[in-house]
Every structure is written in C-alpha cells, then in structure tokens.
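Each chain, letter by letter, is given below.
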Amino acid sequence: MPDVTLAPHPDRLLPADPGVRAIARGLLDSVAGLPIISPHGHVPAHWLADDVPFTDPTSLLITPDHYVTRLLHADGAELSTFGVGEGPLTEQQARAAFRAVCARWDVVRGTPVRLWFEAQLVDLFGVALRPSAGTADRIYDAVAAALATEAFRPRALYARFGLEVLATTDDPCDDLAAHARLRDDPTWTGRVVPTFRPDRYLETARDGWNADVDRLGEVSGVEVGDYAGFVRALEARRAHFVAHGAVSTDHSHRDARTDPLDPAEASRLYAAARRGQVTVTEATALRRHLVGEMARMSCDDGLVMTLHPGVWRDHHRPTYERYGADVGTDIPVAVEYTDALRPMLSRYGTHPGFQVVLFTLDETVFSREIAPLAGFYPSVYAGAPWWFLDAPDAIRRYRAAITESAGFAKTSGFVDDTRAFCSIPARHDLARRIDAGFVAGLVAEHRLDEEEAYAVLHDLVVTNPRKAFKL
Amino acid sequence: MPDVTLAPHPDRLLPADPGVRAIARGLLDSVAGLPIISPHGHVPAHWLADDVPFTDPTSLLITPDHYVTRLLHADGAELSTFGVGEGPLTEQQARAAFRAVCARWDVVRGTPVRLWFEAQLVDLFGVALRPSAGTADRIYDAVAAALATEAFRPRALYARFGLEVLATTDDPCDDLAAHARLRDDPTWTGRVVPTFRPDRYLETARDGWNADVDRLGEVSGVEVGDYAGFVRALEARRAHFVAHGAVSTDHSHRDARTDPLDPAEASRLYAAARRGQVTVTEATALRRHLVGEMARMSCDDGLVMTLHPGVWRDHHRPTYERYGADVGTDIPVAVEYTDALRPMLSRYGTHPGFQVVLFTLDETVFSREIAPLAGFYPSVYAGAPWWFLDAPDAIRRYRAAITESAGFAKTSGFVDDTRAFCSIPARHDLARRIDAGFVAGLVAEHRLDEEEAYAVLHDLVVTNPRKAFKL
Amino acid sequence: MPDVTLAPHPDRLLPADPGVRAIARGLLDSVAGLPIISPHGHVPAHWLADDVPFTDPTSLLITPDHYVTRLLHADGAELSTFGVGEGPLTEQQARAAFRAVCARWDVVRGTPVRLWFEAQLVDLFGVALRPSAGTADRIYDAVAAALATEAFRPRALYARFGLEVLATTDDPCDDLAAHARLRDDPTWTGRVVPTFRPDRYLETARDGWNADVDRLGEVSGVEVGDYAGFVRALEARRAHFVAHGAVSTDHSHRDARTDPLDPAEASRLYAAARRGQVTVTEATALRRHLVGEMARMSCDDGLVMTLHPGVWRDHHRPTYERYGADVGTDIPVAVEYTDALRPMLSRYGTHPGFQVVLFTLDETVFSREIAPLAGFYPSVYAGAPWWFLDAPDAIRRYRAAITESAGFAKTSGFVDDTRAFCSIPARHDLARRIDAGFVAGLVAEHRLDEEEAYAVLHDLVVTNPRKAFKL
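Chains as they are written, first to last, in the working numbering: chain L, 12 to 482; chain Y, 12 to 482; chain X, 12 to 482.
Be careful, since some hints might not be right.
The list cannot tell twin chains apart, which means a pair is met if one copy fits it or any two copies do.
To be verified - In silico EDC-like links for lysine to aspartate or glutamate, alpha-carbon gap of 20 Å or less:
#, residue 1, residue 2
1, K478, E161
2, K481, D148
3, K481, E332
4, K478, D312
5, K478, D311
6, K481, D312
7, K481, E347
8, K481, D86
9, K478, D148
10, K478, D225
Quick caveat, the hints were computed from the structure, so don't treat them as lab data. Please read all numbers here as calculations on a predicted model, not as lab measurements.
One chain only, chain L, in its complex shape (with noise of 0.2 Å):
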C-alpha cells in the first residue's frame, strides 16, 4: 500500500452543498481567531505548572486515549498492545504500540477519532503521512523529535493552541499545588482551573468511602464525625477550590436524582455509612440528597453544577480488573433529568446565584428535557454534546435537537473533556465548522439573517462558554 499524504481541506466537515458551504466558510473564518476556552478537561494541571517536556509520542497521543484504544480493542487487540497499564514505556514499547496502532488504522474510518488523530499530526507536528503499518516509524520518528524541542514544552502548546483558559478535574482532597504554583508563577499568563469533582465522597456504600472520607476530615481540617461536619467539610473544600481559581463542580452518577431527605434521615444515613451499615439503598438515597447539597452550596459560593450521569463505569469487569478505570470500557444508559432534577430545581432554579449545565451521553433526553428546562429555567444550560457525541453528526443532532426550544443562549458552547491535551484544538476546530455549518443552514433557509449567524456563532465560540461557566 502506497504512503498517503494527509491534506487536510479547507472546506473540511463544512455542508456538502455549495451555497450553504460557501456561508459557513465564512462563518468559520469570522471565529479562526478567536482563543480557545476549554472549561471542562482531564489534563493534568502539573503538566503546565512543571513544564517538563513529553517523553514520546505514544504516552502523549495514544496510552491515555480511551477515544482511540476503545476502537482498537474492539477489533480484538488488547489494550495492553498500546502501552495501556503498563506503566512508564520504554522505547521500544513506545514505537511498538505506535505501530500496532498505525497498523489498525482502517478501524477508524468514519469516527471523530480519525479527524482529531489526523488534524493533529498534518497542523501540530506537521506531519502529513496516513497511519498505516508502512507510515509508523516515520510518524513516530517525526512526533518524537518534535517532542524533544522547546517548541512543544506544555506551556509552549498551551500559548500556541490560542487557548484562553484550560479547566482540570480534581478530587476534593488534591491540595490543588500545581494550580497554587502556576498562580503564582509570574512567568506564567495562562488560566488553569481546578474543578471540584466530589463523586467517591457521595457514594457512601462504596469500597474505601471511609478512608476517604477520614482523608477529607485531615485535609479539610473539619470534624467528619457527624453528618454535620461532613457537610461542612465539604464546604470547606469547595472554599479551598474557589481560592484557587474553580468555577465549577462536576458529577456523574448514575441517575441524575436530587430528592431531599429531612435532615434527621441524612445524619442517622451518614452515621450508618459511618459505621459501615448503610445499604445501597439508602447510599443512593444519601446520595440523592447531597447532591441537591451541592446545589445549595453553588448558591452561596456560586460554583456551577454541570452534570454528566448515565454512564455504566468499568462495565467490562475483568478489564477493570486488570486495567483499572477510565480506559474505554464505559457504557452508557438512559437518563431521566425532567423529574429527578425537579426537587433541586423546585429550590434553586431560579436562585440568581445558581447555575447548572446539563450533559448527557442519552440523546432522547436532548429534545425531550434538557431544553424544555433550559427554555425555562434561568439556571439551566444544555452542556455541550459530550463524550460519545462530540462528533460532527452528533453535534448536528444536538443543534436540531436542542435550539429550537431552547434557542442559542442557554447552550454552553463546546467542551472538549479530554485526557488528550494535543487534540484539544483539533475537538475545537471540529465543533466549530459543524457550529458554522449549522448556522448556515439556518441562513441558507432563511430562519436567520446573515449579520445575525455572525454574532451566533462568535456567541458559541466565546460568549456562551464565559457565560455558562461564569469565567
């Protein structure tokens, strides 16, 4: 098989049809200047704050992608074969698992996968070769010596990305270091937030709950002994988030319910969690009632909610097992959002100090309740489509499915949500075109004015996300 050259189109992910292309090439210029605001990730925030340079191309682009690894599984290699739960790689190893990659390639073919893989290799490293078995050495050789330069310390990327402000997600307990030094780092000009993802700390039935929440008593220097000081740690925490820079909290549960229990059946709950007697039960009605808590703590220190249920973590057992989490073996299930939120929302959706921004891997729930309740409720955005959707026919059906009753406002822009900090522009850019073909369909079918497209799409690109997650 002959080496094929990677030559990105302009016209790239734009409408096929002439007229409607021809509006969104120049919507999508009117953005291409615009800074990147990336207000919900996975990349660590010490990457920045120590600038160490990446070892290899493969710990960088490929091991901690469940994006990528999934689809190679899935035609029967095993996750190991790409350096997953292996540890540091060696050389070897690296160009080994770069190689099996390159070598499976074809499996990619129609997914988001290929386009952000590929954007990056042609417009980061400037690398214009196809993966494949022939192409892998060349690849990797090309990306390591690039990696190996100035050009591409994490700080260097960080200001070549164009990006305005990048969000990381953190357990309530993380001391937050990394964030504090770059803080006050007076070389540093970049943003780096931390998020506050409690999740572990409301699961009460949960294996190593209490160590855990031992851990949080120590570190927040709160009395958890009672479900009080739980509560009170927990703010403590969140406080300690917002002094260094946090404009949200994140949760992902399995259902999205937030029924409140009477304050007496929270304490004698905890209390039971405490002595490890709770049921599941009663763990997920705990759970339940805290999350509400965090709604009301987000009125009072005004860090957004944003909501990501419905996801079957480690569905795979024995991958579990042997690999841990987060490596491609979620699964997601049907949300409901119109009832469980509605006793959060009963309470708080018109506090002025609360906001939430809902996502979902269920699309059914995109027409059917996330907009209806954003359409209303002052506080609710319809998150960005997230994880299994942020694909160009997937953000699409998101556009038809959500503006319409919601209209533009009270989306809150895309979220790339990554591990994989080099596609980071490359999800961006994505969205982008497909933002702009969608508004230019809507001129192209005259339900909106030229000028007005303009102004919708810098408002995604930038507005939205500023406004969604107050930043």
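Starting from the structure of chain L, add chains Y and X where the hints point.
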C-alpha cells in the same frame, strides 16, 4: 443598532438544495389557497361569539403565549415583566411588557417563536421591523392602531386567516354557551367546535375533585353518588358536546395507560374517592380505567380521542404557586404507548366507530411505537408534532420517523394547539413549508413521483385532518 | 386514472445534492456485481430443496408479507382480504386479493414497501405498471405467467438474485431435512444455512412449553427430566444445526437480560416449570439465565448469537386469535442493552470464540448503547437496522448514530430478515444505495477519502456480513 427591516423570503424554510427547493416551491404554491383546518387549540370561543376588539398588543400576542414568555424567563426575566399574572394591563403596563420582549429579542433566534412572531408582524400587521429596544414602541403603536380597526376584530381575522374550522378545548361542565351563540347566529358562517377535555374529572385524588364531581352531577342532571352515575354523567356531558358540534375529546395525563378494572373494583375506588379516601395508587388505577372507558364511549358517540400524555405539569412549584398553570413551566417526560394502549386497542382498536390520535413530546416513540401502531390499527393516527416539536427540524424528524412505517395517510395533519390566535396562519404556513420540503426531498430522490407529491401535500393540508378528526 | 408507467430512476435513493450524488453513483456502481449475502431471514429451505414452482402472485408476494398487509389493514381492510389465514388460495381468491392490494396502493406512498414491490415488478417480472384498480389484473396476469416458467422456479431465482448464502430460521426440533437434501444434492451449488431459534424452549411459563420440551427430549435423544439434561438436549440440537451448516442462533425475547442463576436455582426453576408450577417472574429469571447459557454454548460451538429483543408480539389479541402470529400486529417497545448484557459480556465479551450481533427496533440504543458496546467489545457487532427500520431514512439515521462511536467495521452489513423471497434483491439494493449515499456524504465533507470510500462500501456489502456471521 440600526433598525432591521423584515423581508420574509418567499423560499423561507424550504430546503437549501436548489433542485429540491424548486420542487418544494411548486408544491407549496399548490396548497397556498387551501383553507386552514385547526382541529385542536385553545382560542376562547367567546372571542368569536362576541367579536369584541382585542385590547392591546401585549395581551393578544405576548402574555398568553407561554412559547414566548418561557424563553424570556430562561434569559432571566420575571414572568410578570410580560404581564403574566398581572390581570388586565394598563396601556403603560402593556407597552412596558412589549418593550421588555423586544429588548430581549435575540434570545429567540433559531426558535419557531421568532418565525411565527415576525410573520405575524409583517403578514398580518404590515409592520416590517425586527423587534428590538429601538423598534419596540413603533411596533407597539402600529399593532395597537391595527387592533382598533374593524379588520382586526376576531371574526374578520377568522375570515382573513381562511379558517375552515377552529376547535376550542373545554371543561365537561362548560355550558358551551359561546358555541351555541355562534351556532344560532345567522351572520356567522364559520365553524367553531368544542373539545371535551375531562382530565380533572378522571384524577380522583386531585384536590377539588369531589367538588368538581358535585358540579358535574348538577350540570348533567345525573346523580353521581356511585360509579355508574358518574359514568352516566360523563356520557351525558359528551352528548352535550356532540350536540354543540364537538368532534373530539382530549386527554393529557402523566402516562397513557388504559388498563381496565373490573366493575366492582371501579365502583369501590370511586366510592373511596368520593369519601376522600382514595390513595394515589388507587386513583391512578381508576384514571387508567376511565381513559379506557372514554374509548368505549367514543365507539358509541363517535368522538375522536386525542392523547397528549407525558408532561410534568407545573414543574417549578414556586412559579405555579405565583402564576398558576400554563405559563411555560411544563416539562416533558418519557412516554410509553405500546404496552399502555394494549388493553384499549385490543378491545376497540378495530371498532369501526373508533379513532384515536396519538401525540407525543417524546420523539423516541415516533418510529418505535406510534408509526407501528398507526401502520396496523385502522383506528390509530399519528398526531402531528406537538408543542415543543412543532418547529422546522422537529417536523422533519417526525416525517422521517413516521412515514416509512405508517405512510402519509395515517398522520393527523398539522395541529397548532395554540392560545395565540394571530399566530395560527404563521404556524400552519411553517408546517406546510416543511412538509412541502420533505415531500420534495422524496421526489428529488425518486422515492415519489412528482404528481403523487402534489396529491400527498394536498392530503396533508386538508384531507388528513378532516379524516383524522371526522370533520 | 390513467396507467402510470414505472421507470425506476438509476439515481433513485441517492442523495439529492448533485455533488454528493455523483460520488454515490460511482460507489454504487462499484458494488453492483457483488453477491447478496443474506445471513438472517425467513424463506423456507424446502422451497429451494424441492424447487417447486410458486402457485400464484398473491401467495408469493402478498399474503406472507406482513409489511404489505399491515399497511392495508391500517387503511381499514380485513387481513383476510389479502389471503391471510385463508389457507391455499383459489385463482379467484388470489386475483381478488391482488386487486384489493392494487386498489389501495396509495397508502404505501413514502414507505419502503412501495419501493421494494415496484422494484420487483419491474426488475424481476418486467411489469412496468404502477399497481392500481385499473392495472391490477394486467399485473396479476403478467406475474402469474412468469411464475409458470422455469426461470421463476426458486433455484433459478436464487441464482438470478446472485445470492451467495441464504439463512433460514428454524425450530431446534426441526430435522433440517430440507437443508440435508440441499447439502446432499450434487446439482445444487448454492448455500442455505439454518439458524437455531430456541425462543419457545426458553420461555418456561408459556402454554405448551412442557410438550415442546418433551419433544426436544425425543428429537435429541437426551433425557430432559432435569435441568442438566435440558441443557444437554439444547447443546445436542445446536450440534445438529452446526452439522447442517448453521452459523448463528437467533433470540427474540421481550428484554435482553442475561442475569445468571446459580445452578441449584436454575435446576429448581426448571423442575417447577416441568411440574407446570413456575411463576411468570421465575420463568423470566430462568429465561434470562438461559440466554446467558446460549452465550456460553456459543463460545464452545462457535455459533454467532443474534439478539432481536423488544417486540410486543401479537399486540392485537383478536387478530392473533383469528390469524395467528406474524401477521403485522407485533409492536416494538423500548429496549435496554447496557445493563442487560453486562453479565453475559463480563463473562464472554472478550472470548475469542464469541460473537453477538445486536439488533433493535428502538433507535435510541443505536448511539447510546449499541455503538459504545460494539466500539469496545471485540465480540459485539451492531446489527443492521431491522424490520421497521430497514428503510431509507432509518438506515441513514443508523449509520449516522453508529459510525462515529463504532466505525464501519463493527456493523453487521444489511440483513433482509424477510419472508418475501422475491423482495430480497430490492431490499439489498435499497440498502446499498443508502449506504453509498451515506459514505458519499462523508467524502463530500472531506471526512473520508474517496479511495477509502470504495473500500468501505465493498466491506459493508460483503466483508462485514461474512465476518459478523462467520461465513
């Protein structure tokens, strides 16, 4: 910001592809002269019976239309800003509310509210100005001036709109006096039909149910002391509606179940409800039984059933407590039809006198349940996309999801379901345009001959609603 | 009404946009000569084994095809009108039924039934007349004349259709004699494979289950007095199927759950079922366990599992009582796969011998569950859009919903699943056209190179079904 002149494009809402658009334009032109059939809606009959002039632009166009006010509320405004819950408005209040709407006009971009409202301004009132802070007063004045003329009295508008029939939605105890006045008025040549909406009488655990049933007994002249009497009273009121021209009943409960109870159990639960001792579970069982009874009655009296399930009414409790129902805080929930309707359809689904039109706000049932049901049962019609779904992209999804399993013949035709009288032509025009575009797409892909496409579009506009609603 | 000449356009079903269409046309041409692979369907094997001529147009084209008769029933006709439940038809009955279909032909506009049926008339029978009251007799006569010729015997049609393999669906107790005759016939060069469909044996609370199991014991020669024997009997029949060329098993229960029971509990429930004392809840638990057992057996004998859950069979009870099963009154219900398959996939999901193809009538699981599962588990394939969904717009939705998370490689290829033998080429042609259009759209948007698009379409037509069904 300079004024923006509204110049609705003749091809608005038609597909962007030039070839498809040309076909669609021809189709659209072919139905331009057809009447509007509005078999389900919420315009008060007394407007037409009494033909009193409308008071002011806000009370007519804004305050009663929760499609508009909910979006502005989502942007952070109080509903009272727009006159909701304020009673009759002074000229000063009406003008201030109108200004508040115009100043926030950007938030309706991309929604059908924008299209309907601007179409009203241009086509009905001759005001070719986009709402904005700068144009609000001029628009208000022009509309107010128009409303003061004879040409904008309700009956003149009814004629101008080309309405063939307009349905109201009415309480079973309503005396339908306005309908009677219209029927007996020799100068009235239109057709306004009542719709029997018994929801409140079927929810036996509801506050106030007993008082409502007492009144039902008085109005019907039937003793409602026991279950059999209650059923006879409902039958009597249905007969009253039939005598006043009703063609359909309307039902909107949380779910669509129709499980029958045996007569003794129904009697027992009714008696418990009359004593105020029915549980919520029992009341739900009785309501499901009673919906099935409505189907039985429809076989006898010929009234078409329409089902509009799956809405969480008054989701934001504080808004309901301050402003009451129907102000934009109703949020959809998932619906199930296949299992829910089986008891009813096994009994009455092939009865020659029975027809039922299924509406949904949960799009997932379009292809999964409604189209298969309408594609087998002669009695079942797929209701037009409703409420949050009566918008361009949603109507396209509806047609794409329904047609392949149920064809065109088993769809109800467009239903505007509106409280906003002046928006009726714009709503039907939007639906005709989208349907023309959909059918044109089939022609362009050689899935339908062009001659047939003309017949199909004609049917969708007039034949189908006449048949589905027995008009 | 004048006759309408059928002139199928060479570009039918390709996208309307001229640029995309040109790409699609090239793709379509490239697969025109490829064989048809039909790995799941309902054509009887004895038709081909015995090669007996078809009797009349109605018995071949109308009566057994519930896709056709259900739509005419929905228009108000009795199923008996079309020969359903009437047994062998006289010439007079057959002609009258055919006339009744043609007279109501307008109701199939917009459905794939129309496209398939007319394609059969033109391409297979050479009858270029649209069905109508006026053309019914001429079409009937022309088709009847063709059926009397050698060229329309089953084996001749098999060859003419370019079938590479045709699967039947068979009861575990079936002796597969027709398959054996074909296997042993030196003049037969095709491939007809049986499919093991054990549903009735796994539903232990079903009327007649005990008698069926008695027969299973007799046919297998295995004592089925206890649970272990029952399992061995099923294994024996699977071996019998494998020996007759089977490549897959088929399972269609209300849900897709696979929760295992411990052996003692399974034995206890089986014993209760044999005594006729199993409850519905127990029977459901045992059935879910047994579906998991089928997966275990698949790891051993290599038969591919296909799951077709989520249908309410015989929804209209009176129709079932009069006409029996499979006459168009099966209605889909919602399906859940993520949680339901977890027990099975945690055990067997990465077993090298295991493959499972997931079908659905509930489109919501395409992007939410099936694509994520197929994009992680090497054993899982996304089944082609099935039954109500094997139509142009539904196939497009399927590709758009599946591809971005699972790519093309993990999709099964088209499955016609039909009882209407003569419609097989038309069904596969429709699917190829829609897939060509979808892939062309990716090329037009520069999401796939054109050379790759040719490879993808080739794979979808032949490579994928061969791989998914181990052909």
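How the hints compare with the structure:
For a Cα distance limit of 20 Å, the shortest separation of K478 from E161 qualifies neither inside one copy, at 35 Å, nor across copies, at 47 Å. Neither within a single protomer nor between protomers do K481 and D148 lie at most 20 Å apart by alpha-carbon distance, with minima of 45 Å and 34 Å respectively. In this assembly of identical chains, K481 and E332 lie within 20 Å of each other by CA distance neither inside one copy nor across copies; the values are 39 Å within and 30 Å between. In the homo-oligomer, the alpha carbons of K478 and D312 lie at most 20 Å apart inside one protomer (16 Å), although the nearest pairing across protomers, at 56 Å, exceeds that limit.
In this homomeric assembly, K478 and D311 come within 20 Å of each other (Cα to Cα) only inside a single copy, at 18 Å, whereas the closest approach across copies is 57 Å. Taking CA atoms no more than 20 Å apart as the test, K481 paired with D312 passes inside one copy only; the shortest distance there is 12 Å, against 59 Å between copies. For the identical chains of this complex, K481 and E347 are neighbours neither inside a copy (26 Å) nor across copies (37 Å), given an alpha-carbon limit of 20 Å. For the identical chains of this complex, K481 and D86 are inter-copy neighbours only, at 15 Å across copies versus 42 Å inside a copy, given an alpha-carbon limit of 20 Å.
In this assembly of identical chains, K478 and D148 lie within 20 Å of each other by CA distance neither inside one copy nor across copies; the values are 45 Å within and 30 Å between. Proximity of K478 and D225 under a CA criterion of 20 Å is satisfied in neither setting, with 36 Å inside one chain copy and 53 Å between copies.
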